[in-house]
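> Chains A and B are the protein sequences, given in the same order. Each residue of the first sequence is one higher than the one before, counting from 1 in my numbering. Each residue of the second sequence is one higher than the one before, counting from 114 in my numbering.
Source of the hints: derived by calculation from the structure; they are not laboratory data. Ideal placement from N, C-alpha and C gives every residue a C-beta, glycine not left out. Do not take every clue at face value.
[As the list claims (entries may be wrong)] Not the full set, but computed from the structure, chain A residues with beta-carbon under 7 Å of chain B:
{"hint": "1", "residue": "Asp-26"}
{"hint": "2", "residue": "Pro-39"}
{"hint": "3", "residue": "Ser-42"}
{"hint": "4", "residue": "Leu-43"}
{"hint": "5", "residue": "Phe-104"}
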Amino acid sequence: SAVISQKPSRDICQRGTSLTIQCQVDSQVTMMFWYRQQPGQSLTLIATANQGSEATYESGFVIDKFPISRPNLTFSTLTVSNMSPEDSSIYLCSVEERTAEAFFGQGTRLTVV
Amino acid sequence: GQQVMQIPQYQHVQEGEDFTTYCNSSTTLSNIQWYKQRPGGHPVFLIQLVKSGEVKKQKRLTFQFGEAKKNSSLHITATQTTDVGTYFCAGQNFNKFYFGSGTKLNVKP
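Kindly produce the complete structure, drawing on both the sequences and the hints.
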């Protein structure tokens, strides 16, 4: 199974600033996803990170707010831009293996003050 | 849009009692997966169901996928305190996962 390293694990940020979250996988994977999980809530898919092309965003999420990079098959970043307290959440990267199992990073717990 | 509903939202049981959580999708799914998330942790894959009417067992856990591939259930027999956590179903369609709202299970010793 894929091993995913996600960092930072947590951060406290000032409103109006941006935070970039990194996701590193120990093997090449085709599908990488970014999710948001607000406290006590389910996971909401933000976007699919596509290698070599723009990410595919879900309804309610836009590139200007959540720019995503995917320079190769083992790495992706998610930036949360111009943060507000409403962006306080846990952000998770996920990869899908050939068996269609999804594996998750440990998550980044973001608090915006 | 794609929706996956999950009930109940919470379940409190006495250790040794059974527990069931149900998922229902608004559309037919290619497969459904189940995850467990411990407090403060990240979701951990439990199982995947692909075939219509499929039933799989993992020790005390029984997973079912409906005939129409739109609903699923997870049943735990004789719960233990180690079963505490939130159980999510995730329906997959067109290479995307749509997570249910989760069922938070609390087991009293």
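> Decide, hint by hint, whether the structure agrees.
Do the hints match the structure? See the list:
1. The interface hint given for A/Asp-26 is violated, since its Cβ lies 16 Å from the closest Cβ of chain B, which is over the 7 Å cut-off.
2. Checking A/Pro-39 against chain B by beta carbon gives a least distance of about 11 Å; that is not within 7 Å, so the hint is violated.
3. Hint on A/Ser-42 holds. Least Cβ distance to chain B is approximately 5 Å, under the 7 Å limit.
4. Given the 7 Å rule on beta carbons, the hint for A/Leu-43 holds: about 4 Å separates it from the nearest Cβ of chain B.
5. At its closest, the beta carbon of A/Phe-104 sits 4 Å from a beta carbon of chain B; the interface hint therefore holds under the 7 Å criterion.
The structure fails to meet hints 1, 2 from the earlier list, while all remaining hints are met.
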